[in-house]
Amino acid sequence: MQKPNNNKKKVLIVDDEDDITLSFKRILEFNGFDVDAYNDSTLALAEFKKNYYDIALIDIKMPRLDGFDLYKKIKEIDNALKIYFLTASEAYYQQYREKDYLKLDRELFIQKPIEFDELLKKINQSD
Amino acid sequence: MEEIGTAKGFEESTKTIVDFLKNSTNNLLICADQYWPSVAIGIDVFNKEMFDLKKRNVNCKFITEVTSENLVFCKELQKIADVRHLHGLKGNFAVNDSEYIASATMKNLELLSQVLYSNSSAVVEQHHFFFENLWDKSISATEKINEFEKGILPEIINVIKNPIEIQRIYLNIINSSTSEIMLILTTSSAFMKDENIKINKLLEEASDKDIKVRIIIPGGNKTPNNNVDLLSKKNNIEIRCIESSFNAKINILVVDKKYSLIVELKDDTKLKFTDAIGSAVYSTSNPKVMSFVTIFDTLWKQTELYEKLKDADKLKEDYIKKLKLADKAKDEFVNVAAHELRTPTQSILNFANLLRYDTNKTESIDAIQRNARRLSILIKNILDVTKIEGNKLSLYKEKFNLSDLVSLIVKDYREQLKKHPFVRKHIKLLYKLQDGNINNINPFVYADKERITQVITNLLDNTIKFTDIDGGSITITLQTTKSDEIVNEGMQAIILIKDTGMGISEEILPHLFTKFSTRSFQGTGLGLFISKNIVEAHGGKMFAQNNEDGKGATFSFSIPLVKKDEVHDDLEVRI
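As given, the protein sequences belong to chains X and E, one line each in that order. Throughout the first sequence, residue numbering follows the numbering used here, covering 226 to 352 in sequence. Throughout the second sequence, residue numbering follows the numbering used here, covering 44 to 618 in sequence.
Simulated from the structure, these hints should not be mistaken for lab results. Keep in mind that this is a model prediction, so the values were computed, not measured. Treat the hints with caution; some may be incorrect.
[Claimed, not checked] Pairs of lysine-lysine, DSS-like flavour, derived with a Cα cap of 27 angstroms:
| no. | chain 1 | residue 1 | chain 2 | residue 2 |
| --- | --- | --- | --- | --- |
| 1 | X | Lys250 | E | Lys462 |
| 2 | E | Lys558 | X | Lys286 |
| 3 | E | Lys541 | X | Lys234 |
| 4 | E | Lys558 | E | Lys359 |
| 5 | E | Lys180 | X | Lys286 |
| 6 | E | Lys367 | X | Lys286 |
| 7 | E | Lys404 | X | Lys235 |
| 8 | E | Lys594 | X | Lys286 |
| 9 | X | Lys250 | E | Lys508 |
| 10 | E | Lys51 | E | Lys150 |
| 11 | X | Lys286 | E | Lys373 |
| 12 | E | Lys423 | X | Lys286 |
| 13 | E | Lys180 | E | Lys97 |
| 14 | E | Lys331 | E | Lys292 |
| 15 | E | Lys180 | E | Lys359 |
| 16 | X | Lys233 | X | Lys275 |
| 17 | E | Lys252 | E | Lys193 |
| 18 | X | Lys297 | X | Lys286 |
| 19 | X | Lys235 | X | Lys300 |
| 20 | E | Lys122 | E | Lys150 |
| 21 | E | Lys133 | E | Lys180 |
| 22 | E | Lys541 | E | Lys454 |
| 23 | E | Lys594 | X | Lys346 |
| 24 | E | Lys461 | X | Lys250 |
| 25 | X | Lys286 | X | Lys300 |
| 26 | E | Lys607 | E | Lys558 |
| 27 | X | Lys233 | X | Lys274 |
| 28 | E | Lys371 | X | Lys286 |
| 29 | X | Lys275 | X | Lys347 |
| 30 | E | Lys404 | X | Lys233 |
| 31 | X | Lys250 | E | Lys404 |
Chain X on its own, in the form it takes in the complex (with noise of 0.2 angstroms):
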């Protein structure tokens, strides 16, 4: 999928929780960008193709498919996509860490709860 052709960035919010993909939908879009967000991280998948995106915000603990297995699935679709985990569980950053076996670095990790300033500096990094 071509990037469109305006100047705003696309963002792709999953995560199981409501609450917060509509406040991180609204909060984003606020400040300038395009959101797609999704409580289903399967149905995120399929929609993926469709779309392109400048950058992914995704949650680990999810069910059916987690973040990790989101990771991947979406990496062999868009290998330059960068994609954050948004995890409110240092656990599952312990466990990916024994398992290692996407060898990502920890930046790409951001702990829930985060200042939106802050999350967009780390957005902002990624160019």
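Given chain X, put chain E in place with the hints provided.
Chain E only, in chain X's frame:
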């Protein structure tokens, strides 16, 4: 003139002996086997001559074998002369100053049928010499008589090499036991394997006679065979295991603290007793037997310590296991709780931020309220669990109509579902009263209204979480039941909450009501644990099952009903 001859027949033999005795004037030495005392004292003709010797002050010395049978005769002989005992004495001869007589055989209380006679000074001299030698080797008859009379056993120490003889003694001493048997089997031995020698049967018989049987066997927890297993079930038989590192190749049997038999094992692989054993030492010597008793007692105590040590090790292991489990559960809980604290906090931060720009402030305020409430519930749940576990949960009981409460909660939830910003407004929430006549039944309960509300809302929140967002339904039913249908006492109100969601996984079902057990990707797994405890504190029960039609699950709980006019004071109850 020197004569050597043989007297044959009872008459001639008796005459030869009597003449010999009469001829004895200064010294008389008699050395004869265990039957001789009965002949010398028990047969009148000889008895008279024997006591005449004393009257004539003949210097007499007798050697014989004192046994329990000839004890009486030996004591009579002691009145005549100094008597000494020689164990296992064979052969019979007597010498005075000038004559010698001998007899090859002698029988209890019978006249002799053949006697050798000689007055050869050489023969007499030789037999004086033999006699003195034997005299030195013998022991005082008094000592021996005392052993019998005071029950003191003769101190025997025999080395036995014949396996059949060993087996005979082995079984005999077990059979003769009157008080206790101690047996140390240092290997999983043929002693217990060989059916032919019937050792088990003898030990069982001993136990039936109230004889205390204690057996030490090798091998930690393992019993060597079924025979031992069966024996251990008998009264009076106690079998203990000793570490298999105890590597001695002897078996020790001690009976009544009087007899010991130490059997060397030659080849323990052999199944037959007589093939497996080497030589044995049989002893009645008190110091020896008591040494083995001490060895037995020491090992017995060691087995006690060994058992205690094993128990202590097991306790320690169990304790460590429990600690590890508790530690793991605590870690999991901390992780889950952290997750559950961070998620709504993130939403609150975001919606608070949105208030700055968003014109639709109601949405943000509602969301902040929703998430703050979620945090509040989490904190309350954690505190409730602490209270439940410390038995400090208080109930503020009052009498109220359960149907009114459920109606109120349902109304509130319908509102909430309508207001919900997400698709859950499609979930239908139905409330059914049993047969439509619950009002006639008056479902009054005496309970903590807030806590019962907590249980119902917890169950509703769970079902909403697991019910399909499109077209799912939740049905609450309030009914009453007779006592035998659900609990043993009185009428019960039952609230059933049935959903059409994903159901409960088989994996989680058995421990659904335990702490930290969660079937969702959200939640701490505390709600059901708390709810069940609240219900049980009210004298009710809580159940969960998947629906028979395969779609969704039903949670239910019971609570005792009270009569409408029954008087109950509002009361604080600590559970």
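Worksheet entry | Structure-inconsistent hints, enumerated in ascending order | As far as the earlier hints go, 3, 5, 15, 23, 26 are violated by this structure, in ascending order.
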